[in-house]
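As a plain string of letters, each chain reads:
Number of protein chains: 2
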Amino acid sequence: MSAERSAHQRIHREVGEPCLSAKYENPCRGTPLVVFISCDKLFFSTTNMHLTYYDLTIPLLAKNLKNVQSVLAKGWEAAQASQMSETAFLDQRLAEDMFPLIKQIQMLTDTAKATPARLTGREMITLEDTETTVGELNQRIDTVLAHLETYSPEDFSESAERKIELKFLEGQFQYGKDYLMDFALPNFFFHCTVAYAIIRVQGVQIGKIDYIGSLSLHPLT
Amino acid sequence: MSAERSAHQRIHREVGEPCLSAKYENPCRGTPLVVFISCDKLFFSTTNMHLTYYDLTIPLLAKNLKNVQSVLAKGWEAAQASQMSETAFLDQRLAEDMFPLIKQIQMLTDTAKATPARLTGREMITLEDTETTVGELNQRIDTVLAHLETYSPEDFSESAERKIELKFLEGQFQYGKDYLMDFALPNFFFHCTVAYAIIRVQGVQIGKIDYIGSLSLHPLT
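Chains as they are written, first to last, in our numbering: chain A, 1 to 221; chain B, 1 to 221.
A hint or two may mislead.
The list treats identical chains as one, so a pair stands whether inside a single copy or across any two.
Stated by the list, open to error - Calculated cross-link-like contacts (lysine-lysine; reagent style BS3-like; alpha-carbon spacing at most 27 Å): (1) Lys208 / Lys163; (2) Lys208 / Lys167; (3) Lys163 / Lys66; (4) Lys113 / Lys208; (5) Lys113 / Lys177; (6) Lys113 / Lys63; (7) Lys103 / Lys167; (8) Lys103 / Lys74; (9) Lys74 / Lys113; (10) Lys177 / Lys167; (11) Lys177 / Lys74; (12) Lys66 / Lys177.
Source of the hints: derived by calculation from the structure; they are not laboratory data.
Sequences are here, hints too, so could you generate the full structure?
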């Protein structure tokens with residue numbers, strides 16, 4: 001009798017009737033074995049069927065913050081080549097009543113610092129909106145990148161059910177899962193895209209790959 | 001002895017030494033009980049500590065496609081009020097060498113149809129890029145929305161490890177997890193944001209909330 005089958009039978013006896021609907025799915029194939037027992041089913045699976053809240057915040061935010069730094073550097077290089085002042089470069093915007101580049105980068109770093117803090121209940125770092133140069137904006141992004149590295153996957157164990165209060169949602173809250181998907185991720189990518197577009201529309205030679213950044217690739221065999 | 005503790009001890013005996021490092025995390029609190037057994041740890045947890053590939057594709061894509069429909073409707077209403085032709089409206093772009101609104105919507109629907117198809121190995125629906133009107137673009141979005149509804153969470157059980165081949169990655173592939181986070185999600189939100197921005201820069205009275213859409217809220221008690 002396989003170890004899996006044996007474990008199944010023991011657990012079956014332990015939890016009783018609800019496991020009569022037990023089934024095997026995704027039998028272990030070299031990846032760590034996990035046995036799930038829920039109220040109405042039991043099955044073997046692998047640990048990587050799911051994404052964690054850590055996966056969807058820390059590495060995702062960090063990678064895209066670095067992409068923003070790269071886009072910002074290319075934009076600033078082109079601006080300098082065309083004798084544009086640093087102030088004028090950072091004050092560019094898509095429309096008169098939209099926020100300028102400097103504010104877009106302040107906002108996307110705000111989202112990047114706030115998302116894991118809210119999902120974990122940890123205190124948020126303070127970022128004063130006092131930047132006036134490209135160097136200071138890069139420093140702000142570096143500060144957030146360093147802060148993101150202080151989180152561990154275990155910090156997010158309660159994220160799904162955490163009640164997230166946002167100041168514009170008076171008297172209401174979002175559960176962590178909804179906050180991440182309804183608001184945090186779309187909002188973060190919004191400001192990354194607008195920052196990219198502000199630079200792109202000036203004719204700077206950047207393309208989608210600068211926004212997307214590097215891809216984790218493997219050779220086809 | 002609690003049922004949890006009893007189950008733990010049985011499983012401990014079953015799987016032997018690796019479980020000496022067993023620990024309890026997130027003891028069951030009214031949500032379905034799940035027992036995890038991995039190579040080096042065992043703990044009780046709840047089923048919603050993680051996000052599924054289904055969560056991160058089907059409802060997320062559907063919600064944001066509907067947001068795009070709403071933004072498109074407001075933009076077209078304003079364009080009609082200012083006597084702009086439908087062709088001119090759909091040909092607007094952020095810069096001469098960027099894609100127009102019509103193409104942005106074709107591309108974001110392409111991403112929305114391709115992401116779950118690639119993650120599940122299901123065949124992709126065909127969308128001919130023949131739209132020339134707002135009505136036809138809305139129909140295209142509706143087609144993708146209806147297609148998204150045909151997926152079930154079980155379809156994504158192999159997504160993490162699925163080898164995703166993209167035509168611009170000759171001889172290489174991405175694992176499903178990397179594809180989703182490196183490429184699919186950022187790319188989808190890129191085109192949603194650019195479509196929004198194209199309409200926004202024309203002075204149409206839309207704001208971030210039109211891009212974000214409705215939030216799942218609960219009253220604070």
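Hint by hint, here is what the structure shows:
| no. | hint | verdict |
| --- | --- | --- |
| 1 | Lys208 / Lys163 | between (36 Å within a copy, 23 Å between copies) |
| 2 | Lys208 / Lys167 | between (34 Å within a copy, 16 Å between copies) |
| 3 | Lys163 / Lys66 | between (30 Å within a copy, 26 Å between copies) |
| 4 | Lys113 / Lys208 | both (25 Å within a copy, 20 Å between copies) |
| 5 | Lys113 / Lys177 | both (17 Å within a copy, 23 Å between copies) |
| 6 | Lys113 / Lys63 | both (14 Å within a copy, 25 Å between copies) |
| 7 | Lys103 / Lys167 | within (19 Å within a copy, 36 Å between copies) |
| 8 | Lys103 / Lys74 | both (18 Å within a copy, 26 Å between copies) |
| 9 | Lys74 / Lys113 | within (24 Å within a copy, 33 Å between copies) |
| 10 | Lys177 / Lys167 | within (18 Å within a copy, 33 Å between copies) |
| 11 | Lys177 / Lys74 | neither (35 Å within a copy, 29 Å between copies) |
| 12 | Lys66 / Lys177 | both (25 Å within a copy, 20 Å between copies) |
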